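Peer 1: Take a look at the letters that make up each chain.
Number of protein chains: 2
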Amino acid sequence: MKVLIIGGGGLIGQKLARSLAARGTLRGAAIDTLVLADIVDPAPVEASCTVETTRCDIADPASVAATIDADTDVIYLLAAIVSAHAEEDLDAGLNINMMGTLNVLQRCRELGTKPVLVFTSSIAVNGGDVPQPYSDYTALNPQTSYGAQKAIGELLVNDFSRRGLIDGRGFRLPTISVRPGKPNRAASGFMSSIFREPLQGQSANCPVDPDFNHYYLSPRKCVENLIKGAELHAEDLGQNRCMVMPGRVWTIQQMIDAMTAVAGPEPATRITWEKQPEIEPILKGWRMDVRADKAEALGLEADASFEDNIRYFLEDDIAPGGA
Amino acid sequence: MKVLIIGGGGLIGQKLARSLAARGTLRGAAIDTLVLADIVDPAPVEASCTVETTRCDIADPASVAATIDADTDVIYLLAAIVSAHAEEDLDAGLNINMMGTLNVLQRCRELGTKPVLVFTSSIAVNGGDVPQPYSDYTALNPQTSYGAQKAIGELLVNDFSRRGLIDGRGFRLPTISVRPGKPNRAASGFMSSIFREPLQGQSANCPVDPDFNHYYLSPRKCVENLIKGAELHAEDLGQNRCMVMPGRVWTIQQMIDAMTAVAGPEPATRITWEKQPEIEPILKGWRMDVRADKAEALGLEADASFEDNIRYFLEDDIAPGGA
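First to last, the protein sequences are chains H and L.
FYI, my numbering numbers position 173 of the first sequence as 173, with every residue one higher than the one before it.
FYI, my numbering numbers position 90 of the second sequence as 90, with every residue one higher than the one before it.
It should be emphasised that the hints constitute simulated quantities derived from the structure, not laboratory data.
Among these hints, one or two may not hold up.
Under the rule of at most 30 Å between Cα atoms (straight-line distance), these lysine-lysine pairs were calculated in the BS3-like manner [as the list claims (entries may be wrong)]:
#1 K284(L) - K114(H)
#2 K284(H) - K284(L)
#3 K294(L) - K294(H)
#4 K284(L) - K294(H)
Model, not experiment: these values are computed from the prediction.
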């Protein structure tokens, strides 16, 4: 089996690659080849199977054609222009998030091999004046360009699946926390940095009040869910291949308390509390009472507590040997 | 004021043009110029203002740029590849319904004039295993490529409006009945032909059972709603510019009874009842308990009874001087 991760150089892509390499199988078959593709050369991962790395610009159909071949059994489409970036640059978001997704789907159609395609959508597809809680049946009503483009991606994945051109499944990712490494251009960046930096002795700013609540998932559980997501049977997906990925709603205060419970009182003192007007309009569109009934019924899982999120970060990303 | 109708050669486009010409005003201003654009030269309409007709292929950005200029105050975007055609030819649907809509929006963005844009979506954006009744808040879950592409159009119209690039508003049209003229390639064609043909002494086939129910609106009311739709104030539209247009749910039997009430028993005897397997999969995805709460609150209206639909057809399309 050949597995391709588009966006294989990113945080989730790299963790997913390492997890797949460690498992060695997917959908009941041995993974012979793992291909990591990204807009810049992705870091390779250690594995007993063949690992290839390649550049791919999904906005360019020729680049997509060079990346997806008839031997590709499972495609993870993780590449995206994230929220604050898509809000700043409408064309970049349309080119990558909308046209890039279409290019990947059209390439699959051209090959005629009906690969499994796992698409990462976002809870940002919901928003605005829509009744809460958000469920799998809530209107797509994004209040950001990123959310609009991800919603368009869902519609395309569903339509190409319905037509039998791919075996698609999409998951609306909660905000991932704690993200290791450097901040990306997501407006939600502070939702990781206020833990990541203080746990490593540095300060970080929180631009919202302690009672701000949101819907979170750890990178570890996200990767587990993406692997389960590829293994779901098409007949269990029903008439909408896209669903909310399980997560949990926490307030900032609950998360800080969890950090204190795991790592003592010091880190919390390193958080500053200054508002950032440039991201306020984006954050205001996110209201976050969310249910993931369908995915939970299919066996996908959230973290048990935010203390787990903190522990996973320390174990997976800070401990020697973590990455 | 300059009003452009893209799709101005179609049934609704022509009726809308005649109605705007008869009124002479829109949004409180005199209409100086009415432009009818379509993929083939649209028929001109009689008017006291200037009427221009032009060819426009919305799949071609240069053609769109030649059609929409900085003086254009209101754009009706009615052009579409309809349901059965979009199901047969995925690329045609993507090029016109998705990329064509994006091309129009990008042209407006380029001009920087923020025109009012009235987009015709469809109740086909709803479908599948979603709780009934469908409302403005029901998940976009189309089960046809046409519905998927219209849903994508809605998301684009909303996002470009939210960004202040257009003043958009979209309406999910009920199935229009009684449509005059020749059948188009919509799977819903029989929903007009079983009245239109028998009322003119010809036979027509009904491929569904008499208890098949669906959501309908007459062309006359549709045009009235499109005019009201252009005149709505942006601040009344909320965080989703797209909504269900009012219509009424009727069974085939209720509609036939209405025809009999208006025109006597003869026409109903001219209906044949043979199933058409090629359109069954499309019709099965349409479940039609629909609410148009938002549009009704804003003053848009459905027909009072299907007898009205029959009378409007006879008055507007069959009577001498109708077209």
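Peer 1: Now, for every hint given, state plainly whether the structure supports it.
Peer 2: Tested hints:
1. K284(L) - K114(H): Distance of about 24 Å is within 30 Å: holds.
2. K284(H) - K284(L): Violated - the C-alpha atoms of K284(L) and K284(H) are around 39 Å apart, more than 30 Å.
3. K294(L) - K294(H): holds (29 Å)
4. K284(L) - K294(H): Answer holds: K284(L) to K294(H) is near 23 Å, not above 30 Å.
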